[in-house]
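*Asks:* Protein chains in written order, with numbering that gives the first Met the number 0: chain A, 0 to 263; chain B, 0 to 263; chain C, 0 to 263; chain D, 0 to 263.
What the hints contain is simulated information worked out from the structure, not anything from laboratory work. A portion of the hints provided could be inaccurate.
Repeated chains share a single entry, so a pair holds when one copy, or any two copies, can fit it.
Derived DSS-like pairs (lysine-lysine); straight-line CA-CA distance at most 30 angstroms [claimed, not checked]:
id : residue 1 : residue 2
1  : K206      : K146
2  : K2        : K206
3  : K193      : K146
There are 4 protein chains.
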Amino acid sequence: MLKGYTLPRTPRGTSSLVQTPPWHYVGASLAVEFEADPSVAASFLPGGLELLSGRCAVYFVEWQYASEDGEEYLDPIRSQYRETIFLLSASFEGTPVAYCPFIWVDQDVSLMRGLIQGWPKQIGSTWITRAYDLPSKATPVLGPGGKFGATLTARDRRLVEAQVTLREITETMPSPGFARAVNVRYFPELAAGKHDTPAVHELVQLKSRDVHISPIWKGNATITLFDNPYMELCDLRPVSVIAGYRFSFALTVDDLVLLRDLRG
Amino acid sequence: MLKGYTLPRTPRGTSSLVQTPPWHYVGASLAVEFEADPSVAASFLPGGLELLSGRCAVYFVEWQYASEDGEEYLDPIRSQYRETIFLLSASFEGTPVAYCPFIWVDQDVSLMRGLIQGWPKQIGSTWITRAYDLPSKATPVLGPGGKFGATLTARDRRLVEAQVTLREITETMPSPGFARAVNVRYFPELAAGKHDTPAVHELVQLKSRDVHISPIWKGNATITLFDNPYMELCDLRPVSVIAGYRFSFALTVDDLVLLRDLRG
Amino acid sequence: MLKGYTLPRTPRGTSSLVQTPPWHYVGASLAVEFEADPSVAASFLPGGLELLSGRCAVYFVEWQYASEDGEEYLDPIRSQYRETIFLLSASFEGTPVAYCPFIWVDQDVSLMRGLIQGWPKQIGSTWITRAYDLPSKATPVLGPGGKFGATLTARDRRLVEAQVTLREITETMPSPGFARAVNVRYFPELAAGKHDTPAVHELVQLKSRDVHISPIWKGNATITLFDNPYMELCDLRPVSVIAGYRFSFALTVDDLVLLRDLRG
Amino acid sequence: MLKGYTLPRTPRGTSSLVQTPPWHYVGASLAVEFEADPSVAASFLPGGLELLSGRCAVYFVEWQYASEDGEEYLDPIRSQYRETIFLLSASFEGTPVAYCPFIWVDQDVSLMRGLIQGWPKQIGSTWITRAYDLPSKATPVLGPGGKFGATLTARDRRLVEAQVTLREITETMPSPGFARAVNVRYFPELAAGKHDTPAVHELVQLKSRDVHISPIWKGNATITLFDNPYMELCDLRPVSVIAGYRFSFALTVDDLVLLRDLRG
């Protein structure tokens with residue numbers, strides 16, 4: 000009897016790349032809201048979703064993770080990773096949702112947890128300014144005038160640069176926000192003749208619980224999406240930038256809801 | 000209409016992590032055959048497979064890849080990766096097959112192609128001695144007396160060290176060989192109550208075509224599997240080492256055969 | 000006229016790996032004090048230093064850096080790095096100092112700044128638990144009972160694991176501390192016959208200014224130094240562990256003092 | 000008595016980042032010759048060198064290294080690295096030489112050996128197409144029509160892309176070639192007031208022995224140097240591209256010649 004929530008499944012089940020949910024997360028994020036061309040944004044949506052507006056958000060997050068009893072953060076290479084998430088503003092049967100066209104992480108464990116949730120994860124290198132609570136030219140203040148930057152690079156090409164200058168505390172999270180994410184779970188077939196008929200193709204609503212949010216700093220932002228010969232991310236280039244944010248949050252994931260089977 | 004063989008699926012379909020098969024591979028490998036404790040080896044087999052013997056093989060491979068028209072090797076970070084593959088000797092309904100309990104690669108594109116084929120891939124760092132056809136103390140000869148090494152490290156822990164000293168040309172590939180690999184395709188559910196009932200759980204027979212093999216060098220070998228607090232690989236520790244090999248090979252993959260649905 | 004504080008020196012001087020001092024640093028650290036065999040510790044000291052005691056300390060630090068006008072933290076891959084520093088308790092002409100036998104960083108810019116200061120830097124992979132100020136199973140508390148871990152790996156071999164459980168605030172920094180570091184600047188010759196007579200071989204006292212320290216948390220600790228075929232670090236294996244610490248600090252460097260020319 | 004050719008110097012001397020010469024190297028390279036603006040190229044030369052012509056060359060090399068008795072290639076992470084080298088055509092007292100304005104490697108051991116030779120090394124990520132001697136869409140032929148690519152990325156920004164299509168065997172190495180390299184050894188002071196007066200500042204002639212060259216394939220080439228906010232490499236942008244090359248070579252280094260002390 001092999002055990003394990005994912006491959007590799009083994010006699011004792013301790014080797015599995017991803018542990019059985021619940022999955023506990025805490026992260027520090029830099030976020031930028033911007034407007035993309037609505038017709039372009041709409042072209043990235045899967046069946047079942049309608050475009051709500053051209054408003055997009057990108058989140059750069061420095062995460063720490065633990066399974067239920069794992070204390071993975073004591074061997075932190077098993078726990079920490081950085082992520083860049085793009086979200087579009089969509090609706091499902093009239094309800095506003097967020098849809099993720101692109102996401103990059105820097106650890107395989109996170110990539111696999113993401114695929115199971117329908118996040119279209121790839122490996123990429125995210126860097127985010129940190130704030131230290133000491134006076135130094137080497138750190139911005141987490142307060143008015145504090146400047147933060149973030150970059151994303153994948154397969155040795157820089158894809159994104161962003162910068163945020165904080166101004167004030169706000170009560171409002173950036174929008175679209177990933178608490179409302181609707182994803183596509185997708186697992187292809189390899190058997191000849193079936194390359195276009197995936198084994199799994201589902202529109203799903205993510206669920207999270209035990210959500211906690213730090214104070215939310217807001218300010219001005221800039222963002223650049225660089226040309227790339229393959230990656231269609233640059234098609235979502237901003238027509239205007241709305242605002243930037245800095246905040247932390249925690250959440251737990253162990254469930255999702257199937258909205259629609261998209262096969263055939 | 001979103002396009003792409005895998006996530007992310009996009010309007011033009013050029014952003015997909017994995018391109019539609021066929022997938023063309025060429026690799027240079029160092030391999031070691033060894034005997035593990037048969038009762039331990041048997042405990043790693045999935046339903047449907049029987050142990051044939053305690054004979055195992057590990058392959059360290061330096062790969063280059065291209066899709067049908069992709070010439071990915073001209074932007075080689077998209078094409079090259081290194082891999083460590085362990086194989087056990089099993090049988091399916093009386094036919095000898097190879098089963099992979101553990102495999103590590105160093106690129107996300109390869110990890111995703113692997114999951115689709117049922118390889119239980121994780122990210123790991125593989126290093127393999129190269130042979131250059133010039134007289135130098137910096138290279139072994141690809142011939143009698145040439146010494147080659149390989150190592151595997153994952154999540155900052157070294158897992159495997161191997162060394163091979165070449166002696167002679169042979170006509171015989173190492174065994175078990177991955178031309179006969181039988182894998183488990185596995186994609187879990189996240190919806191509450193379904194964590195133990197995967198969406199996909201299939202025993203599959205890999206198929207490859209257009210296989211080409213270089214001359215095969217054979218010799219003596221040593222191999223060490225290091226203790227690890229999570230990874231059950233060390234349970235397959237050799238009771239004896241049989242032989243080592245150095246050779247290159249090419250193959251194309253665009254099909255597989257479903258042997259058995261393992262759900263329920 | 001080429002410009003630049005280090006190679007590469009170029010027409011405009013913006014390409015130089017290291018910018019002209021001052022160098023501003025801020026870091027979050029996990030530290031462990033331990034006792035090594037005094038006769039072994041003494042054997043690691045350079046000419047001019049005497050052993051004070053067998054007391055050692057290791058610091059794992061997550062740094063952010065900026066040059067005088069650089070704001071490198073806005074392109075954070077230019078600014079952030081992680082470091083593991085070992086220190087021995089020594090004295091120079093009767094004054095207590097700290098001497099660093101081994102240190103690892105993960106960015107070339109830091110490696111080069113280090114060589115100029117006499118830190119014997121190599122590239123290594125350091126991971127350190129982070130504390131987030133939110134309730135989550137994914138983070139320890141920065142307070143009584145909070146558990147933190149750190150690891151160091153170099154050339155794909157794990158060298159160090161440490162763990163600290165916080166108990167109380169203290170007024171006292173760990174000892175030996177790197178404010179008192181005495182280093183050896185060393186730059187060899189390559190000309191034949193001169194391989195043993197370096198161009199630079201100096202005992203130097205580091206200087207730092209604008210030092211700021213956060214509250215210092217103290218508690219119990221464990222540490223393991225793993226065997227390694229080349230790296231003599233494991234000879235400093237603890238005979239006892241004294242305490243663990245968690246704190247942040249900031250400092251600026253733009254000077255040092257030559258204590259003694261060690262050539263000839 | 001501490002031992003070691005470089006820091007860290009230790010009781011047994013086995014921990015030193017770089018081993019005592021001789022250093023044995025073997026490498027497979029892709030090279031491109033091009034013409035830069037001569038006045039720009041001249042502005043990159045150090046004191047003592049005159050510009051010979053605007054002809055430049057870039058070499059992308061996949062190296063394997065060993066010290067005299069080290070067999071480092073059996074633990075290949077200690078031996079293998081990839082490098083991108085730019086060379087300008089200069090003369091010293093009427094003799095043609097090559098001068099390197101920029102060079103990137105991906106291992107600290109190579110970076111340190113380089114600094115000792117006066118190579119202005121930084122860490123960067125180089126990728127180079129490989130040729131396998133098997134029929135496959137995943138590899139070019141090492142022969143007429145074979146297409147090879149190479150890329151360089153540093154600090155998450157792509158700096159260079161090159162492509163070479165082979166046409167014929169030639170007897171002539173690309174020019175400028177690094178057998179004739181003249182470098183600047185440079186080690187700064189950190190003591191206040193001395194930031195502009197380095198401890199070491201020497202014009203040196205590299206020496207190599209036991210040089211072996213494979214057959215040299217030549218053909219057409221393209222090369223792109225990307226804009227970068229700091230790195231002046233893009234100022235050397237080609238005005239025309241001359242030719243591309245593919246070949247391997249071996250050499251041993253254990254000496255150099257001081258041409259001129261550039262201090263004061």
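*Asks:* Look at each hint and say if it fits the structure.
*Replies:* So, going through the hints one by one against the coordinates:
1. K206 with K146: between (33 angstroms within a copy, 29 angstroms between copies)
2. K2 with K206: Intra 25 angstroms, inter 27 angstroms, cutoff 30 angstroms: intra and inter.
3. K193 with K146: neither (50 angstroms within a copy, 33 angstroms between copies)
Violated hint for the displayed structure: number 3, the only one.
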